[in-house]
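As given, the protein sequences belong to chains A and B, one line each in that order. The letter at position 255 of the first sequence is residue 1310 when you use my numbering, and the numbering goes up by one with no holes. The letter at position 33 of the second sequence is residue 34 when you use my numbering, and the numbering goes up by one with no holes.
Hints in this document: simulated from the structure, not taken from any laboratory. The beta carbon of each residue, even a glycine, is placed where N, CA and C say it ideally should be. Hints may contain errors.
As the list claims (entries may be wrong) - Okay, derived cross-link-like pairs now, EDC-like style, lysine to aspartate or glutamate, Cα gap no bigger than 20 Å in a straight line:
no., chain 1, residue 1, chain 2, residue 2
1, A, 1253, A, 1148
2, B, 13, B, 199
3, A, 1337, B, 53
4, B, 202, B, 386
5, B, 222, A, 1074
6, B, 13, A, 1074
What the hints assert, rightly or not - Quick partial rundown of chain B residues pointing at chain A, CB under 10 Å, derived from the structure:
no., residue
7, 13
8, 17
9, 65
10, 71
11, 73
12, 77
13, 85
14, 103
15, 239
16, 240
17, 253
18, 256
19, 257
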Amino acid sequence: MSVVEGIKENPVEEFLRTDRLPHVWCSGCGIGTTVNCFARAVKECGIPLNDLAIVSGIGCTGRVAGYLRLDSFHTTHGRAIAFATGLHLANPELKVVVYSGDGDLVGIGGNHFIHAARRNLDITVILINNFTYAMTGGQVTPTAPLDSIETTTPYGVFEQNFNLPHLAASCGAVYVARWTAYHVMQVKKAMVEALNKKGFSFIEIIAPCPTIYLRRNRLGSAIDELKYYKEHSVIQHGADTRDVGIDIRRPEKIIVGKFVDIEKPDYLTAMNEHLGEVLGDKYVRWGE
Amino acid sequence: MAEIKYTTADPKGVLTGIHYMDGNHAACEGALAAGCRFAAGYPITPSTEVVERFSARIPLVGGVFIQMEDEIASSICLQGAVWAGLKAMTVTSGPGISLMQEHIGLAACLETPCVFVNVQRGGPSTGLPTLPGQADMQQCRWGSHGDYEVIALSPSTVQESFDFIIDAFNLAEIYRVPVFFMMDECVGHMTEKLVIPEADKIKVVERRYTSKPPEEYLPFKPDPDLVPEMVKAGDGYRFHVTGLTHDERGYPVINAQAQKEMVYRLVEKVEKNAPKIWRYEEDEVEDADVVVLSYGISARVALKAIEMAREKGIRVGRMRLIVVWPFPEPRVKEIASKVKAIVVPELNIRGQVAREVERIVEGTCRVVRVPHAGGTVHDPQEILDAIMEAAK
Chain A
1056 MSVVEGIKEN PVEEFLRTDR LPHVWCSGCG IGTTVNCFAR AVKECGIPLN
1106 DLAIVSGIGC TGRVAGYLRL DSFHTTHGRA IAFATGLHLA NPELKVVVYS
1156 GDGDLVGIGG NHFIHAARRN LDITVILINN FTYAMTGGQV TPTAPLDSIE
1206 TTTPYGVFEQ NFNLPHLAAS CGAVYVARWT AYHVMQVKKA MVEALNKKGF
1256 SFIEIIAPCP TIYLRRNRLG SAIDELKYYK EHSVIQHGAD TRDVGIDIRR
1306 PEKIIVGKFV DIEKPDYLTA MNEHLGEVLG DKYVRWGE
Chain B
2 MAEIKYTTAD PKGVLTGIHY MDGNHAACEG ALAAGCRFAA GYPITPSTEV
52 VERFSARIPL VGGVFIQMED EIASSICLQG AVWAGLKAMT VTSGPGISLM
102 QEHIGLAACL ETPCVFVNVQ RGGPSTGLPT LPGQADMQQC RWGSHGDYEV
152 IALSPSTVQE SFDFIIDAFN LAEIYRVPVF FMMDECVGHM TEKLVIPEAD
202 KIKVVERRYT SKPPEEYLPF KPDPDLVPEM VKAGDGYRFH VTGLTHDERG
252 YPVINAQAQK EMVYRLVEKV EKNAPKIWRY EEDEVEDADV VVLSYGISAR
302 VALKAIEMAR EKGIRVGRMR LIVVWPFPEP RVKEIASKVK AIVVPELNIR
352 GQVAREVERI VEGTCRVVRV PHAGGTVHDP QEILDAIMEA AK
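Next comes chain A alone, as it looks inside the complex (with noise of 0.2 Å):
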């Protein structure tokens, strides 16, 4: 309820814990855009809120599930997806959303990453990519492209970064989209999808930090960032994952849309399918 007479209330209240506020998160952040984005989703695609569960790791983007009014756990670093398989297996009926950071999913917890896409898990991951761990500070990420400045690259990146929209599709994701912050339409439309898709659905959304990785980088302003996003985004839905690949620091343009929607069966319909019919009238389905 906002204290300020004549002015509506917040659209998205009802799924924050507003009781937590004010969030951890620095100006310009783009965090915090892509949680609104996230709240529209799920009230556009009318899931209850009572079964949709939020899990994430460590990190900025780990404290997410802390600020959503829904079931949330904060887990340990990297480990989101490994407890979210857990909660998915145990109770199907439940919509399980991991929600963290790049250096969360797909550094320290890279293995569970592949793991699941591999196995089709029916969960969705949405992976906000600053390109450093800004929690501690600003350290170098796996995805932090070439030359990026960061606490423990002070000369600049020299090893090559993962280009995940080709990671997620490589290893088996049913959906891989990628948007950046200024993208707010279609991120949420991107949740809606994921949301709605049976399988490991991936969004990478690449998001500012202007208090660390922008400022050490000298690359402006959070708001020069957007103008980045705005002007060097080229929407290719469909492209090869092979060339979405983020390798400098600035490059020329940036390829976001939706690169792969397919049908694949999930783990547990697999699972049901493989051991019905192996088992037979023996099987016990699970979940169904």
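Guided by the hints, dock chain B onto chain A, whose structure is given.
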């Protein structure tokens, strides 16, 4: 306060009858009888038979087994399953339990009722994959960072691998702690008779779900026994849990006061309830000069040495720990005040349990360690020699 609700085992998971099987298979059957319907694991000798059996049995019972990509994943995957409403376990051995430590701390912090089965082998590192050890006894107690308490049980026989793992699951539910089931390669791989009773003879504890409506429920507000009531995902409570230090609402609070309140309760809920958790077995302790205190396979080997010593006329008592942690301090103290010595055979060389005995008896009696590096069990003669030396 949520009452502790006892029920009987779901017959679907109970293989009633007389069997001949090894401890690992028996532990699996015990878990199923206890109501475990989810296991996440990663192959590791000498524990793998537990999950192999689970993977074969669970499709016939109703539940899920998933072989995760590693032990780190297994040890948190099972916690997801618990928060979705199932009873769950993971199974491993030395290197695996080392990898799982962060999530043992998470389970302690989130108060996730769950069972970690550790079929111990020789260490450190890859050590002796196929041979026994009892060298993870301190690790299971202290292995994760920070202050917390766990419960650990140790079976000596195949029958106990079945019986006590049911107790392990029940204790996990009552106290909402990670419970360790500390087997070893010998118990895991020895084959003997196992009697699985009728389902209605098996006592099972239900989860402490709250009956409060969401607006009155606080996820970490403890009952008078210091254990909070639980909820599960999907029930409309829209609760939050975090591995950060948190308050009764489950919200992170990063200060010394919140830390004090949380860690003291995590420790005290086990410490103060310890008399209800201790399980041990004694014989001929009352007029003994020497008491042999042991656990797991070593307690079984010690039986022979005790018999030999008694034949020689030495008054030897026996105390076998079934629950090793929390440690039955008052009873051990009492025994120490009456005997010349306590002899502690175990398959590690640093006195992982003997050290605890030494700490507790405070010099009241001698504590004679009977260390063994693992790889096999003690020769009963070694334990006998220690008893004779102690009786002098």
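Status of each hint after checking the structure:
1. 1253(A) to 1148(A): Holds: residue 1253(A) and residue 1148(A) sit about 12 Å apart, inside 20 Å.
2. 13(B) to 199(B): 11 Å, holds
3. 1337(A) to 53(B): Status holds; Cα separation ~18 Å.
4. 202(B) to 386(B): 43 Å, violated
5. 222(B) to 1074(A): Given that 20 Å is the threshold and the Cα spacing comes to 18 Å, the pair holds.
6. 13(B) to 1074(A): This hinted pair is violated, its Cα atoms lying about 45 Å apart.
7. 13: 8 Å, holds
8. 17: 18 Å, violated
9. 65: 5 Å, holds
10. 71: Since chain A brings a Cβ to about 6 Å from residue 71(B), closer than 10 Å, the hint holds.
11. 73: Residue 73(B) check passes; min Cβ-Cβ to chain A is 7 Å, inside 10 Å.
12. 77: At 5 Å from the nearest chain A Cβ, residue 77(B) passes the 10 Å test, so the hint holds.
13. 85: 4 Å, holds
14. 103: 6 Å, holds
15. 239: 5 Å, holds
16. 240: 6 Å, holds
17. 253: With a closest approach of 7 Å, the residue 253(B) hint holds.
18. 256: Violated. Min distance 15 Å.
19. 257: Violated: closest Cβ of chain A sits about 20 Å from residue 257(B), beyond 10 Å.
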